[in-house]
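Protein chains in written order, with our numbering: chain A, 1 to 113; chain B, 1001 to 1112.
Some clues are possibly wrong.
Taking CB as the label site, the calculated pair distances span [as the list claims (entries may be wrong)]: (1) B:G1016 x A:S60: 39 to 45 Å; (2) A:F46 x B:S1009: 19 to 25 Å; (3) B:H1085 x A:G29: 25 to 31 Å; (4) B:V1003 x A:L110: 27 to 33 Å; (5) B:T1057 x A:A14: 42 to 48 Å; (6) A:D9 x B:C1013: 29 to 35 Å; (7) B:K1055 x A:P7: 35 to 41 Å.
Quick caveat, the hints were computed from the structure, so don't treat them as lab data. Glycine included, each C-beta is placed from N, C-alpha and C at the ideal position.
Chain by chain, the residues:
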Amino acid sequence: AQSVAQPEDQVNVAEGNPLTVKCTYSVSGNPYLFWYVQYPNRGLQFLLKYITGDNLVKGSYGFEAEFNKSQTSFHLKKPSALVSDSALYFCAVSPQGFQKLVFGTGTRLLVSP
Amino acid sequence: GAVVSQHPSWVICKSGTSVKIECRSLDFQATTMFWYRQFPKQSLMLMATSNEGSKATYEQGVEKDKFLINHASLTLSTLTVTSAHPEDSSFYICSVYYNEQFFGPGTRLTVL
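Between the sequences and the hints, there should be enough to build the whole structure, so can you do that?
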């Protein structure tokens, strides 16, 4: 069975500092990996995805993620955090292409001024 | 990307009543839509896959008679929560599949 783990319920970082939100996955075959962001009482917004190719994926709003097959991880990163980045972040995996997504439990990012 | 709307954005109803939530694909025809449920401070749980012109495919543990899904057209899928109870209170989010998933803004259901 496929699963996604986000080990941190919350990540706190000061504005201007780099941020990392962790994600590990378990899936058979080659995974399709995604990061989404959710603002309060809103739907999910797509940040980036990994399907194949370069392990470092660049996405929206300056975010990037690194696919590490040996560690089965797909951590989300940003070199310099903004207060406006404060939101709930979800990692997701699709073992069958894009059709069906399995989400992690989410990590709340708080960026302090 | 695709634009997805949901209506209503929030609804409050009495226990025992039924509530219908609409999910619309505004700029393309979606043969597949997904319905998710999100509890406070928890992840999204896939409830069902809605297929235009055919019966929805429900995930294990989701009562299909309680959560009725109708995908009658390529731009509209509806989720009806029948005989709603307080434990059905949740945030319901739909998505459409167009090379990837695009999500609606969600509907917050509160059952009193």
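If any of the earlier hints don't hold here, list their numbers in rising order. 3
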